[in-house]
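Colleague: If you want the building blocks of each chain, they are given just below.
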Amino acid sequence: MTAPTKKQPVETQADLSAEIAELEKLSIEADAAGQARGDEPSRQPLLDYPPYRSSILRHPTKDPRHADPETIELWSPCFGHSDVDPLEADLTIAGSNEPIGERITVSGRVLDGEGRPVRNQLVEIWQANSAGRYIHKHEQHPAPLDPNFTGVGRCLTDDEGRYRFQTIKPGPYPWGNHINAWRPAHIHFSLFGRAFTQRLITQMYFPSDPLFALDPIYQSITSQQARDALVATYDHDLSTPGYSMGYSWDIVLTGPSRTWTEPEEGDL
Amino acid sequence: MSTPRIPTPGQTIGPFFGYALPYEGDADLVPPGSPGSIRLHGWVYDGAGNPIPDALIEIWQTDAEGNVPQAEGSLLRDGWTFTGWGRAAADLNGHYTFSTVLPGPSEEGKAPFIGVTVFARGLLDKLHTRIYLPEHPANTGDALLVSLSEDERATLVATADATGLRFDIHLQGDRETTFLTYG
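For the protein sequence lines, the chains are S and P, in the order given. Under the numbering used here, the first residue of the first sequence is numbered 1, with each subsequent residue one higher. Under the numbering used here, the first residue of the second sequence is numbered 1, with each subsequent residue one higher.
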């Protein structure tokens, strides 16, 4: 197989940052105009966000059509303890030795828009190792692979909607969007709600990352309040004495879900 | 807590999900070739008409009788239990394939469809759409299909082929798929 030809970027971070700043200014103006009309601010990323070059040909140009959710869309696939081994929530035990890097615990609650816990649902994560390297055949970053770290984990939320992973803090890594492009350290999260319409894939970031202002993927969310919702909090109570640092991060899934009643015996 | 709850924004699945999310049998809702099984497949394209090799497609559907499955084992794939949910990573040609059954109507007279979620590198949040069955008599009374122009409607109805159904997804362009919001 021949490797796909990669177009070498010519734009620098300064070019990109100028584009980001211009779009930021436009979005602040649009938000102000929207607020004057009483609109809710947009909290999702702009799908059309040219500073993220790969989005240019991959964003729909038409507004999505409104559909009334129907039966199948108001339910979610059912996962259970046969699907997930509790050990899959510990990403540090896959090898024969300890992985390299800062050991962290990441935990939080998955809630719906009404603040109710999303119970017994699948949470999947994947991430780079502490050197910023993924295990992937197309990964070209010349940082070392860690034989004791796969960077993949799964768990089910508990009765309070809580998830918990033991892992290693991922490193930032370079990517090909522009010259000197670096992604802030992040962990990818994949989540299911109580309805298929609540399905979410997102990224959790770490507090005070100097790369936030420079990163078009993070900046594609124009509301600062919504950006903040992607950033974990250092949580000393989650730190394990003499072992690992704790980060807490709650996730709110929105979208219509069926009228919630506690399932009764024989209901399912 | 009285602070307003901010919905967590979506982010791109990025290019490297391929070692994390796919799992054995993920695209086989029923064993290929089993009685009643169909192949549901198609290509995922960008706005230049190029196939997208790093897309992930998930489907969620009723069974052949129109029941919403509530059986565990979606990741387990015991080969017998129909859980209604599947996940397929596009291959290097942007092609995805599921082995499944035709969904039944959730209520008498309703147009059956398969729910779809699309993720891709370069796509900053998931997209939802529906796959309707070709020539299904209930399509003519379906509220969503009726509200669309002929061109838009055509993007939501699969095409029958020798092994089942073909449904292409265009993220952009002349044949841009009609994506849905449920707000």
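Honestly, the hints are just simulated from the structure, not real lab data. We treat Cβ as the ideally placed atom computed from N, Cα and C, and that holds for glycine. A couple of the hints might just be wrong.
A few chain S residues that don't get close to chain P, going by computed Cβ distances all over 10 Å [stated by the list, open to error]: (1) Q8; (2) Y52; (3) S54; (4) P69; (5) E70; (6) G95; (7) A131; (8) Y134; (9) K169; (10) A185; (11) R199; (12) I221; (13) A226; (14) T240; (15) V252; (16) T254.
A few chain S residues facing chain P, derived, Cβ under 7 Å [unchecked claim]: (17) V10; (18) T12; (19) S17; (20) Q44; (21) P60; (22) I179.
Stretch by stretch, here's where chain P covers chain S in the computed footprint (C-beta under 8 Å, at least three residues) [what the hints assert, rightly or not]: (23) 71 to 80; (24) 242 to 248.
Colleague: Going through the numbered hints above, which ones does this structure break? Give me the numbers in ascending order.
Modeller: Going through the list in order, the structure violates hints 2, 3, 4, 5, 8, 11, 12, 13, 15, 16, 17, 18, 19, 22 and 24 and respects the others.
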